[in-house]
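There are 2 protein chains.
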Amino acid sequence: MLPKSQIKLITSLTQKKYRNEHRLFIAEGLKTVTELLDSHIQLHHLYISNPKHSLLNKNHTLISAKDLKRISALKTPPDILGVFKMTEPKTINTKGLIVALDDIRDPGNLGTIIRLCDWFGVKDLVCSRNTVDCYNAKVVQATMGSLSRVNISYLDLENFLEENKNIPIFGTFMNGENIYQKALPESGIIVMGNEANGIQDSISKFTNSRLAIPRFGDLKATESLNVATATAIILSEFRRSFTEM
Amino acid sequence: MLPKSQIKLITSLTQKKYRNEHRLFIAEGLKTVTELLDSHIQLHHLYISNPKHSLLNKNHTLISAKDLKRISALKTPPDILGVFKMTEPKTINTKGLIVALDDIRDPGNLGTIIRLCDWFGVKDLVCSRNTVDCYNAKVVQATMGSLSRVNISYLDLENFLEENKNIPIFGTFMNGENIYQKALPESGIIVMGNEANGIQDSISKFTNSRLAIPRFGDLKATESLNVATATAIILSEFRRSFTEM
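As they're listed, the protein sequences go chains A and B. Going by my numbering, the first residue of the first sequence is number 1045, and it counts up by one from there. Going by my numbering, the first residue of the second sequence is number 1045, and it counts up by one from there.
There's no promise every hint is true.
Identical copies carry no separate label here, and so any pair may be met within one copy or between two of them.
Simulated pairs of lysine to any residue, SDA-like, Cα-Cα distance not exceeding 25 Å [as the list claims (entries may be wrong)]: (1) LYS1102 to ALA1256; (2) LYS1060 to ASN1222; (3) LYS1113 to HIS1084; (4) LYS1075 to ASP1150; (5) LYS1182 to ALA1274; (6) LYS1182 to PHE1250; (7) LYS1075 to ASN1238.
Please keep in mind that the hints were generated in silico from the structure rather than gathered at the bench.
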């Protein structure tokens, strides 16, 4: 039986307040856990309910499926849960391509965007303070391990853009320039807006390049793309010109 | 108070079996409901817990928030729920661009792909019989109303591809041709594979053009893109060459 104190600590990590207090977060499922074990992120402790996972050869405790269910944040608990140490963000490299998120609220969207940054070689993701926490269990789950390969900083986005207003700052707007016809640079900041409200005015005033993803549907009715799919298309456009021809 | 028989009917619609029996499905939330009301999809009945929605001027019943919670499939029930009639799929236009799904299981992924088809003017989406049902409440939710603008057919995917093997059939594979360097046609079939297993062999044998989305991340570790974000990038590539220059 897992001691109550440990159950209490682990379940407390579903809340940002306690994650920050303990500087710990949880990751569940074999794929995500092994990706993090193979990364620079440090393991605090591993809980497994399937003895075969002891082969991972890490500091672990074999517990019952019932106990794993107790500490899991998922509806369908997996047979492996890792408690990892949060890392301090590194200095942001403003010479590279940076994705900046203005109040992204959905954990699945943030997780997908982290995975996209990883795929497209975007090293730095900066998030406004109201953006969902990247150590939220659902975000960690959606990143499929790429959390360890993207440097994520939470900061005052207005200040950050003000300090970097001399470099290209891109935003997508319905009335922006057709992204397919625009020469895009290898570096700069791409701002993506909130799911419901887009980029807020206090942020959009810093964008010095306005882009649009053309719509091909017949009807005016198609209103918008989901922020994660829009990020996919935009990053693909930024990178496609630098592919070896 | 909503009669028990109505509650029973509506809650039964969370199951595919009963949706098919009654040829009805539910949509929740003002955005999705109004998009469907404005479409060719026929309303069966509307339930509202907020009197202001009576302005929609449709055949409706004002019920308590408590009753709406009883019939809602969502954790946070909205103040409007519509029961709509399922439509029969139209004939597939094999002269246009078609997206074909091989066993997509996640409702959020299917909903996002339907929304992408709508955005990029893809009129026909064909789904293998094991693909999640497009009338699943979570799918309907994720489509944000675009369900009414894409013709979705469930069929034997092997048969469909066999019958159409004379037209270009595209699939994405790790070892495919760089999609950025390939001239892509205005029509054809784009096959997207299952979240965990990709395109199965019995389906991939029909693909006569193998594409790859280049990866820019430094490490070999980034394994794959989510199927919805991959679909976004692929559809963007198919359409970008036909944008007015």
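Notebook entry, point to check: Can you tell me if LYS1060 and ASN1222 fall within 25 Å by alpha carbon in one copy, between copies, both or neither?
Noted result: neither (39 Å within a copy, 41 Å between copies)
Notebook entry, point to check: Using 25 Å as the alpha-carbon threshold, which applies to LYS1182 and ALA1274: within, between, both, or neither?
Noted result: both (21 Å within a copy, 21 Å between copies)
Checklist line | Status of PHE1250 relative to LYS1182 across identical chains (alpha carbons, at most 25 Å) | finding: neither (31 Å within a copy, 36 Å between copies)
Check: What label fits LYS1113 with HIS1084 when the C-alpha limit is 25 Å: within, between, both, or neither?
Finding: Neither: 27 Å inside a chain and 45 Å across chains, both beyond 25 Å.
Next item on the list: Please work out whether the CA atoms of LYS1075 and ASN1238 approach to 25 Å or closer within one copy, between two copies, in both situations, or in neither?
Entry: between (29 Å within a copy, 17 Å between copies)
Check: Between copies, within a copy, both or neither: which fits LYS1102 and ALA1256 at Cα up to 25 Å?
Finding: neither (48 Å within a copy, 36 Å between copies)
Next item on the list: State whether the alpha carbon distance between LYS1075 and ASP1150 is at most 25 Å within one copy, between copies, both, or neither.
Entry: Both. Shortest intra-copy (22 Å) and inter-copy (18 Å) distances satisfy the 25 Å Cα cut-off.
Hint violations for this structure: numbers 1, 2, 3, 6, all remaining hints satisfied.
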